[in-house]
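Engineer: Each chain is listed here by its residues.
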Amino acid sequence: MKFGVVVFPGSNCDYDTFHALQNVMGQETVFLWHKEHDLQRVDCVVLPGGFSYGDYLRSGAIARFSPIMREVKKFADSGGLVLGICNGFQILLEAGLLPGAMLRNKNLKFLCQHVHIRIENNRTAFSNAGHRGQVLRIPIAHFDGNYYAPPDLLSGLEKNGQIIFRYCDEKGKLSEAANVNGSVHSIAGLINRQGNVLGMMPHPERAAEKILGSEDGKIIFQSILNYLEKKKGTGKKKATRGVRPAVSPLPPLIGTS
Amino acid sequence: MIDAKTLADHNLTREEYDLIVGLIGREPNLTELGIFSVMWSEHCGYKSSRVHLKKFPTRGKHLIQGPGENAGIMDIGDGLAVVFKIESHNHPSYIEPYQGAATGVGGILRDIFTMGARPVAVLDSLRFGPLDQPRNRSIMEGVVSGISGYGNSFGVPTVGGEVYFHECYAQNPLVNVCCVGLARKDKLFLARARGVGNAVIYVGARTGRDGIHGATMASAEFGEETEHKRPNVQVGDPFKEKLLLEACLEAMARNLIVGIQDMGAAGLTCSTTEMAAKAGTGMEINLDLVPQREAGMNPYEIMLSESQERMLIVAEPDKVEELKRIFNKWDLEAVVIGKVTDDERLKAYFHGQPVIDIPVKAVVDMCPAYRRPARTPAFQKKVTRLRLPEMPSDLNQVLLQLLASPSISDKEWVFRQYDHMVQVNTMVLPGADAAVLRLKGLKKGLAMTLDGNSLYTYLNPKRGGQIAVAEACRNLACVGATPIGVTNCLNFGNPEKPEIMWQFKQAVEGIAEACRQFGIPVTGGNVSFYNETEGRAIYPTPVLGVIGLVEDVSLVPAAGFRGAGETIILLGENREELGCSEYLRLVFSEEKGQPPGLNFEKEKRVQELCRQAIRAGLVRTAHDLSEGGLAVALAECSFKGQRLTGFEVKLNDRLRTDALLFGESQSRIILTVKKENARKLLGLARKMKVKARVIGRTGGRNMVIWHRKKKVVDLPVDLGYQAWKNSIPGFFEIKKT
Numbered sequence: 003m004k005f006g007v008v009v010f011p012g013s014n015c016d017y018d019t020f021h022a023l024q025n026v027m028g029q030e031t032v033f034l035w036h037k038e039h040d041l042q043r044v045d046c047v048v049l050p051g052g053f054s055y056g057d058y059l060r061s062g063a064i065a066r067f068s069p070i071m072r073e074v075k076k077f078a079d080s081g082g083l084v085l086g087i088c089n090g091f092q093i094l095l096e097a098g099l100l101p102g103a104m105l106r107n108k109n110l111k112f113l114c115q116h117v118h119i120r121i122e123n124n125r126t127a128f129s130n131a132g133h134r135g136q137v138l139r140i141p142i143a144h145f146d147g148n149y150y151a152p153p154d155l156l157s158g159l160e161k162n163g164q165i166i167f168r169y170c171d172e173k174g175k176l177s178e179a180a181n182v183n184g185s186v187h188s189i190a191g192l193i194n195r196q197g198n199v200l201g202m203m204p205h206p207e208r209a210a211e212k213i214l215g216s217e218d219g220k221i222i223f224q225s226i227l228n229y230l231e232k233k234k235g236t237g238k239k240k241a242t243r244g245v246r247p248a249v250s251p252l253p254p255l256i257g258t259s
Numbered sequence: 104m105i106d107a108k109t110l111a112d113h114n115l116t117r118e119e120y121d122l123i124v125g126l127i128g129r130e131p132n133l134t135e136l137g138i139f140s141v142m143w144s145e146h147c148g149y150k151s152s153r154v155h156l157k158k159f160p161t162r163g164k165h166l167i168q169g170p171g172e173n174a175g176i177m178d179i180g181d182g183l184a185v186v187f188k189i190e191s192h193n194h195p196s197y198i199e200p201y202q203g204a205a206t207g208v209g210g211i212l213r214d215i216f217t218m219g220a221r222p223v224a225v226l227d228s229l230r231f232g233p234l235d236q237p238r239n240r241s242i243m244e245g246v247v248s249g250i251s252g253y254g255n256s257f258g259v260p261t262v263g264g265e266v267y268f269h270e271c272y273a274q275n276p277l278v279n280v281c282c283v284g285l286a287r288k289d290k291l292f293l294a295r296a297r298g299v300g301n302a303v304i305y306v307g308a309r310t311g312r313d314g315i316h317g318a319t320m321a322s323a324e325f326g327e328e329t330e331h332k333r334p335n336v337q338v339g340d341p342f343k344e345k346l347l348l349e350a351c352l353e354a355m356a357r358n359l360i361v362g363i364q365d366m367g368a369a370g371l372t373c374s375t376t377e378m379a380a381k382a383g384t385g386m387e388i389n390l391d392l393v394p395q396r397e398a399g400m401n402p403y404e405i406m407l408s409e410s411q412e413r414m415l416i417v418a419e420p421d422k423v424e425e426l427k428r429i430f431n432k433w434d435l436e437a438v439v440i441g442k443v444t445d446d447e448r449l450k451a452y453f454h455g456q457p458v459i460d461i462p463v464k465a466v467v468d469m470c471p472a473y474r475r476p477a478r479t480p481a482f483q484k485k486v487t488r489l490r491l492p493e494m495p496s497d498l499n500q501v502l503l504q505l506l507a508s509p510s511i512s513d514k515e516w517v518f519r520q521y522d523h524m525v526q527v528n529t530m531v532l533p534g535a536d537a538a539v540l541r542l543k544g545l546k547k548g549l550a551m552t553l554d555g556n557s558l559y560t561y562l563n564p565k566r567g568g569q570i571a572v573a574e575a576c577r578n579l580a581c582v583g584a585t586p587i588g589v590t591n592c593l594n595f596g597n598p599e600k601p602e603i604m605w606q607f608k609q610a611v612e613g614i615a616e617a618c619r620q621f622g623i624p625v626t627g628g629n630v631s632f633y634n635e636t637e638g639r640a641i642y643p644t645p646v647l648g649v650i651g652l653v654e655d656v657s658l659v660p661a662a663g664f665r666g667a668g669e670t671i672i673l674l675g676e677n678r679e680e681l682g683c684s685e686y687l688r689l690v691f692s693e694e695k696g697q698p699p700g701l702n703f704e705k706e707k708r709v710q711e712l713c714r715q716a717i718r719a720g721l722v723r724t725a726h727d728l729s730e731g732g733l734a735v736a737l738a739e740c741s742f743k744g745q746r747l748t749g750f751e752v753k754l755n756d757r758l759r760t761d762a763l764l765f766g767e768s769q770s771r772i773i774l775t776v777k778k779e780n781a782r783k784l785l786g787l788a789r790k791m792k793v794k795a796r797v798i799g800r801t802g803g804r805n806m807v808i809w810h811r812k813k814k815v816v817d818l819p820v821d822l823g824y825q826a827w828k829n830s831i832p833g834f835f836e837i838k839k840t
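Residue numbers (my numbering), protein chains in the order written: chain S, 3 to 259; chain Y, 104 to 840.
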């Protein structure tokens with residue numbers, strides 16, 4: 003499968019996400035430059051974490067006007083898979099591809115730590131490799147991750163099974179303490195009504211290798227692969243492993259000048 | 104025209120002024136005087152420290168670049184180089200904590216990427232006054248959010264460091280930031296304005312009036328008027344810095360750059376004169392072309408502004424268009440402001456008039472060096488005499504008190520505000536002895552740590568310096584790393600006072616000796632003098648940053664216990680050394696005695712054994728012993744595992760129980776091994792002539808220590824953990840009314 007990682011000015015998890023998809027998951031991955039209009043026929047677009055446009059004004063508020071976002075919207079409208087991680091999630095909210103908004107974390111501080119999240123609905127393109135109630139250990143790193151939606155919207159999200167991940171403790175229990183940023187209904191990840199756009203605050207790309215302390219993040223990427231393979235009808239995965247490129251400790255150049 | 108007041112305002116002496124007149128052959132104008140004043144400031148010119156810094160060893164087998172450049176560079180094999188340096192931003196952080204700390208991070212990041220390296224880690228050494236005073240809490244809160252705000256947005260992980268509290272930092276906090284970068288060995292860049300006729304290009308943020316005379320400010324004591332210096336602190340824009348990083352690295356990768364220097368302290372002045380002086384060339388620039396943020400700036404302001412996120416590039420004329428294209432791609436300005444000349448002079452024009460014409464070598468190389476008088480302080484004899492107080496009866500209580508002391512307690516409140524995982528290389532999270540980064544695609548990794556103990560250095564500056572190096576190296580040994588290079592940040596009071604100069608000299612000698620002993624070169628660093636407010640100096644605080652190489656990252660042990668039933672082994676010897684201990688300070692308010700002794704041969708053997716045992720795959724947990732001694736180190740191992748794990752330890756040493764539990768004897772490490780590997784490890788220790796013994800095992804819900812058949816500590820792990828964990832957050836809790 004082919005993944006595209008969008009690079010906004012100020013994105014800083016772009017190469018991390020690229021690394022997880024290409025070097026860990028063994029998938030063809032390209033960078034999509036924010037000034038461009040070509041999605042390069044990717045199967046899935048990922049909006050990575052970071053501080054697009056410095057997060058000035060409001061997290062994600064400026065990035066949504068980038069030329070590439072017009073294409074991402076079109077792609078999403080036609081059923082293409084879009085995954086927004088952290089700042090990517092914030093951009094999806096600002097772009098109206100997902101409902102609701104982000105507030106400052108409840109303790110008014112940036113939070114970087116491992117958290118536990120529970121899979122609430124595994125019948126989606128982003129969670130099918132896990133089971134319902136499964137607890138994943140994945141890190142967060144954000145200032146504005148306190149998800150908010152008004153009550154009527156919230157009940158709709160609950161009813162439609164659009165809440166995919168919730169913050170919980172290591173046993174899967176919800177609590178105020180486990181809900182570190184104060185999100186309503188402990189929401190950590192959310193899908194759109196059509197089921198093809200997912201936003202999540204935790205960083206699966208930071209939990210994709212044992213050496214970094216957790217591999218639980220791979221479940222999200224694997225789910226996407228499962229979904230795409232089924233949709234494309236390619237049956238069993240074709241071995242893309244033979245062509246895995248050499249991994250460099252330093253990232254490549256990004257974008258064309 | 105230049106009167107005594109103007110000279111005083113510029114922190115220059117009459118003798119220095121006469122020297123300037125002699126060097127340029129006439130009276131300088133005000134702009135030229137400003138240039139000399141910043142370049143000859145203590146901060147840029149190292150005039151009080153230079154003669155002493157020569158004592159540092161600066162050669163080593165991995166060394167590519169030693170002192171004198173923006174940062175040091177070490178060869179780590181596989182075509183890679185590590186670029187690293189530490190800098191202080193103490194004065195600005197006191198005046199305006201958030202921006203002071205933020206621009207401290209920004210400045211050191213630029214020092215690293217100006218050499219062609221991508222910053223891969225930041226570590227900070229922070230020192231504040233006691234947290235029960237609101238002013239200190241507010242400084243700490245500002246500093247931590249400043250570091251977090253800048254580093255997180257830029258996308259560099261802040262992976263470790265240290266935080267200490269002491270009364271002496273109440274009016275003079277220390278903010279030392281160390282940055283580590285990774286580069287391809289064949290793509291390193293130096294600050295050289297080579298090639299007469301080449302273009303001089305200004306890139307990055309526009310120049311404003313912020314930070315004028317920042318370097319001069321950092322070279323004087325503070326008085327009551329400090330509040331007025333707020334406009335001297337620069338304002339940071341991490342977003343712009345991130346773009347600047349990407350644009351510079353791209354231009355470098357495409358071979359478009361001849362030389363490059365960041366505009367940090369002394370801004371345009373420093374970058375133009377240094378790049379020309381180092382290349383033996385000159386520079387001619389037109390100040391009207393310098394992109395400016397505000398109208399009406401004069402040459403003095405343009406040359407001395409310390410606006411952030413700016414770089415000066417020298418490039419061949421036919422590469423200029425491509426350079427501009429790259430910077431435009433990253434939404435940045437790149438403007439040709441002048442050219443490289445062959446007359447070794449800096450000439451600048453403003454509104455068509457010549458405003459600067461001075462020999463660059465006079466500015467850069469002729470700054471006077473002072474061998475200032477040094478004298479042992481009168482208090483020195485008194486404070487080293489120590490009469491040990493009687494031991495308290497309840498040692499459980501003492502242990503709890505130590506664990507809850509902010510300097511020893513958990514620092515998660517601080518480091519969880521830092522993104523310590525971005526770039527997905529961080530293997531060992533902050534709070535361990537040393538941070539470890541894997542290198543993608545390679546078996547080996549990088550380890551790094553910061554260390555310094557100001558109480559030791561106050562009571563015995565030389566040994567304080569030695570121990571700082573030894574402990575930093577020991578921290579690295581605990582993750583299996585071999586130290587390869589050192590950077591240091593030397594924070595002291597006013598060097599014009601002989602007592603301060605004595606502390607400095609002694610500490611430098613101690614550090615130099617220790618670095619020679621460990622065979623590691625000092626690749627650069629920073630001296631921060633004048634850490635005094637209203638005549639009160641901080642304790643002498645050298646902070647050492649040491650970089651190490653880990654052969655195989657899959658063998659790095661954990662910082663905390665990994666479950667019950669493991670054997671605990673102590674490497675090294677317990678001695679009756681309570682002088683300068685955190686225990687005496689906390690329980691008896693005594694800051695007295697001699698710091699623990701240090702035997703380099705023993706220290707090196709302990710470290711080598713630890714590394715070899717790790718390489719042999721025997722070690723499950725490793726932790727070095729420092730503040731708070733054996734009892735605190737064991738407790739920390741209990742707390743830092745995936746879950747809380749108790750221990751039972753039995754000791755028979757013939758010494759005071761408090762010295763055994765809380766003494767800070769050097770050259771000691773606790774290891775845990777699987778039961779069946781204990782004999783192997785002890786065998787290895789015998790072979791390497793290191794004292795090692797089994798002292799107990801992990802498990803249970805309590806922390807239990809026996810001394811000569813008497814139970815001297817028996818404390819539920821959870822109770823200790825709460826004391827350790829909640830100490831710092833407790834000070835910042837918003838009390839609900």
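Hints listed in this document are in silico derivations from the structure and should not be mistaken for laboratory results.
Some clues are possibly wrong.
[Claimed, not checked] Below, computed lysine-lysine pairings styled on DSSO-like, alpha-carbon distance capped at 27 Å:
hint, chain 1, residue 1, chain 2, residue 2
1, S, Lys212, Y, Lys158
2, S, Lys212, Y, Lys546
3, Y, Lys794, S, Lys212
4, Y, Lys778, S, Lys212
5, Y, Lys546, S, Lys173
6, S, Lys111, Y, Lys778
7, S, Lys173, Y, Lys547
8, S, Lys232, S, Lys76
9, S, Lys220, Y, Lys828
10, S, Lys75, S, Lys234
[As the list claims (entries may be wrong)] One-sided excerpt, in silico: chain Y residues whose CB lies under 7 Å from chain S:
hint, residue
11, Tyr452
12, Gln520
13, Val525
14, Arg541
By construction, the Cβ of each residue, glycine as well, lies at the ideal position given by its N, Cα and C atoms.
Engineer: Which hint numbers doesn't this structure obey?
Structural biologist: 1, 3, 5, 6, 7, 9, 11
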